[in-house]
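The primary structure of each chain is shown beneath.
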Amino acid sequence: MSNPVTRGLKFREPLIFEMSTPGRYAHSLPASASSAPGKVNLPAGFVRDEAPLWPEVSELEAVRHFVRLSQQNYGIDVGFVPLGSCTMKYNPKINEEVARMDGFAGLHPLAPESWIQGALELYWTLERYLAEITGFDCVTLQPAAGAQGEFTALAMFRSRLIARDGNPRKTVLIPDTAHGTNPATCAMNGYKTIPIASTANGTVDPAAIAAAMTEDVAGIMVTNPNTLGLFESDITQIAELVHAKGGFVYCDGANMNSLLGRARPGDMGVDAMHLNLHKTFSTPHGGGGPGSGPVCAVSELEPHLPTPRVVKTDDGYTFDHDRPESVGRVKAFFGNFGMHVRAYTYIRELGCEGLKDATDMAVLNANYVRVRLRDHYHVPFDRTCMHEVVLTDKHQRKATGVQTRDIAKGLIDRGFHPPTMYFPICVPNAIMIEPTESESLQTLDTFIDAMIDVDETARRDPQAILDAPTKTIVGRLDETRAIRKPILRWHPEAGEDV
Amino acid sequence: MAEVKNDLSYTADHEWAQTGDDGVVTVGITDFAQAQLGDVVMVELPEVGDTVDKGDAFGTVESPKSVSDLYAPFSGEIVAINERLEDEPELVNASPYGDGWIVKLKVTGDAEGLLDADAYRAHLEAEDH
Chain A
-2 MSNPVTRGLK FREPLIFEMS TPGRYAHSLP ASASSAPGKV NLPAGFVRDE APLWPEVSEL
58 EAVRHFVRLS QQNYGIDVGF VPLGSCTMKY NPKINEEVAR MDGFAGLHPL APESWIQGAL
118 ELYWTLERYL AEITGFDCVT LQPAAGAQGE FTALAMFRSR LIARDGNPRK TVLIPDTAHG
178 TNPATCAMNG YKTIPIASTA NGTVDPAAIA AAMTEDVAGI MVTNPNTLGL FESDITQIAE
238 LVHAKGGFVY CDGANMNSLL GRARPGDMGV DAMHLNLHKT FSTPHGGGGP GSGPVCAVSE
298 LEPHLPTPRV VKTDDGYTFD HDRPESVGRV KAFFGNFGMH VRAYTYIREL GCEGLKDATD
358 MAVLNANYVR VRLRDHYHVP FDRTCMHEVV LTDKHQRKAT GVQTRDIAKG LIDRGFHPPT
418 MYFPICVPNA IMIEPTESES LQTLDTFIDA MIDVDETARR DPQAILDAPT KTIVGRLDET
478 RAIRKPILRW HPEAGEDV
Chain B
90 MAEVKNDLSY TADHEWAQTG DDGVVTVGIT DFAQAQLGDV VMVELPEVGD TVDKGDAFGT
150 VESPKSVSDL YAPFSGEIVA INERLEDEPE LVNASPYGDG WIVKLKVTGD AEGLLDADAY
210 RAHLEAEDH
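Line order of the protein sequences matches chains A and B.
Residues in the first sequence are numbered from -2 upward in steps of one, following this note's numbering.
Residues in the second sequence are numbered from 90 upward in steps of one, following this note's numbering.
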């Protein structure tokens, strides 16, 4: 095989199947396994005649293959990830240390209550912290992610409406600046959605809510601050309008990183919201670990929270399964407990003042990016934003033909993960940047300089940006063909067909 | 500049509609819309016989950039879908006003309220894309 080196010591790694050499192996089974007599006792038709076509590689080849692949990863421990709406903040290592303590990591989910009092105390206490931070009466930690939290909360609205009125109602209002999962949440709960267009100011107009709100409407799902990074300053009035017709107000808490310690949705008339512990409370995202989407709610909805509940008694903590009005269990056992430990650690490490500082820095950083970039990029809503800012490619597209996608690719060549692209969809060709509080002034300046360099290069030599990325192991991919003609497996014999 | 055909009606959501002699309306997305989306990789179609209310989302158009809902320009019944789009979604890019049509709708309610070509051109100008 040819040397796979393409960029100095960065490797364009083949599939492990392509590295296979017949007869090579890395295993060393105990003698008892290879000399075991007799046949495997399986029904006819379930025993294969030939060995599977597994790659035949040495241990060193396997180790190098996977280490090289791991080196192609990009994450927050490698560099800045300015993905708007994702809150890619640093995940402090102390979270990991605490989560790995034997008393947490070694727990069995079926262990008797008397053995797990410490874990239950953390669980109960974290619920109280989150209730205090958001201004609500009760919290469930069960949902495994934001979308499941939304689903749980809307199921609670539905249960409550049936219990109160005998009628779950038919529709839910969703502003066009809300999160993309919200309509799916409605569909999963049997509601049709009514889209509400935002104003030229980028926020929801109470008059539009007043016009749309009827007694067929179960409630509204609003994201605050919204996906433009703007605070819905009429939220209290919107909540009053919805309540006046007997509906409930849901707040998508994905953007809570701009409010923590400074404002509480529970004080704004919201009835339920979810939190993304993997955003706001510094637990890992995606491949770094499972998510967690607790739901916070007002006391009227408390009977409908998922079961079981952890309750505190004179004899310690215990599970309450006797919840006849509950929407039921939404997640096996108690949710992703390892994430609860990390979020608890984060809150305890920062404390009240630390949480406020983090919020202030997140908002300051986003506004710093906005102000420094506004002479180079179109800012559709150029006013004080919260924790994220939305730009577009309008100036570049008109003058040079360079578009949002090209700007993203140009950033990769300059050593940065791209921002969120083409979202929110109410802004054509959006470029959405969320720096979080984690990044230093130096990192932000380097990033901003890279954005400015992309703009200046586009004006001088647009082709250089249209060809980007050129410094990566793999150049620009054909995204259209990847979707239209995906090839999802490797065929050892028919290589020419792929 | 995106092509706007004079003999079609338009919605503010960048769909076009053409009423045939039999009163059946053909619906597609405009040249502007297909250019904004980029390469269309999937069109999710309703089923023949489905009924839709004006403004209802009846399908989606997907590109590597985003997924956009298709909104019914009128209330009515779906009487035909462009089955070619299942295997050839790129027709929406190549021929948005021709082979890339999306559905045919038998209008049951009010068939008014769309933009004419000049009004749609003004709408594109106003949005300043």
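What the hints contain is simulated information worked out from the structure, not anything from laboratory work.
Ideal Cβ placement from N, Cα and C applies to all residues, glycine included.
A couple of the hints might just be wrong.
[To be verified] As a list, the in silico DMTMM-like pairs of lysine to aspartate or glutamate whose alpha-carbon atoms are at most 20 Å apart:
no.: 1; chain 1: A; residue 1: K189; chain 2: B; residue 2: D142
no.: 2; chain 1: A; residue 1: K189; chain 2: B; residue 2: D145
no.: 3; chain 1: A; residue 1: K391; chain 2: B; residue 2: E216
no.: 4; chain 1: A; residue 1: K395; chain 2: B; residue 2: D158
no.: 5; chain 1: A; residue 1: K189; chain 2: B; residue 2: E175
no.: 6; chain 1: A; residue 1: K482; chain 2: B; residue 2: E175
no.: 7; chain 1: A; residue 1: K167; chain 2: A; residue 2: E93
no.: 8; chain 1: B; residue 1: K143; chain 2: B; residue 2: D158
no.: 9; chain 1: B; residue 1: K143; chain 2: A; residue 2: E453
no.: 10; chain 1: A; residue 1: K391; chain 2: A; residue 2: E453
[Stated by the list, open to error] Here chain B is said to cover these stretches of chain A; the calculated rule only asks that three of the stretch's residues, wherever they fall, bring their Cβ under 8 Å from a Cβ of chain B:
no.: 11; segment: 318 to 330
no.: 12; segment: 472 to 484
Evaluation of the provided hints:
1. A:K189 x B:D142: Within the cut-off at roughly 13 Å; holds.
2. A:K189 x B:D145: Measuring from Cα to Cα gives roughly 10 Å; hence the hint holds.
3. A:K391 x B:E216: Holds, at about 12 Å.
4. A:K395 x B:D158: Given that 20 Å is the threshold and the Cα spacing comes to 26 Å, the pair is violated.
5. A:K189 x B:E175: Not OK: A:K189 and B:E175 at ~26 Å, beyond 20 Å, violated.
6. A:K482 x B:E175: holds, 13 Å
7. A:K167 x A:E93: violated, 44 Å
8. B:K143 x B:D158: holds, 13 Å
9. B:K143 x A:E453: Given that 20 Å is the threshold and the Cα spacing comes to 46 Å, the pair is violated.
10. A:K391 x A:E453: holds, 14 Å
11. 318 to 330: With 0 residues closer than 8 Å to chain B, the segment 318 to 330 of chain A misses the three-residue bar; violated.
12. 472 to 484: Check passed, 4 qualifying residues.
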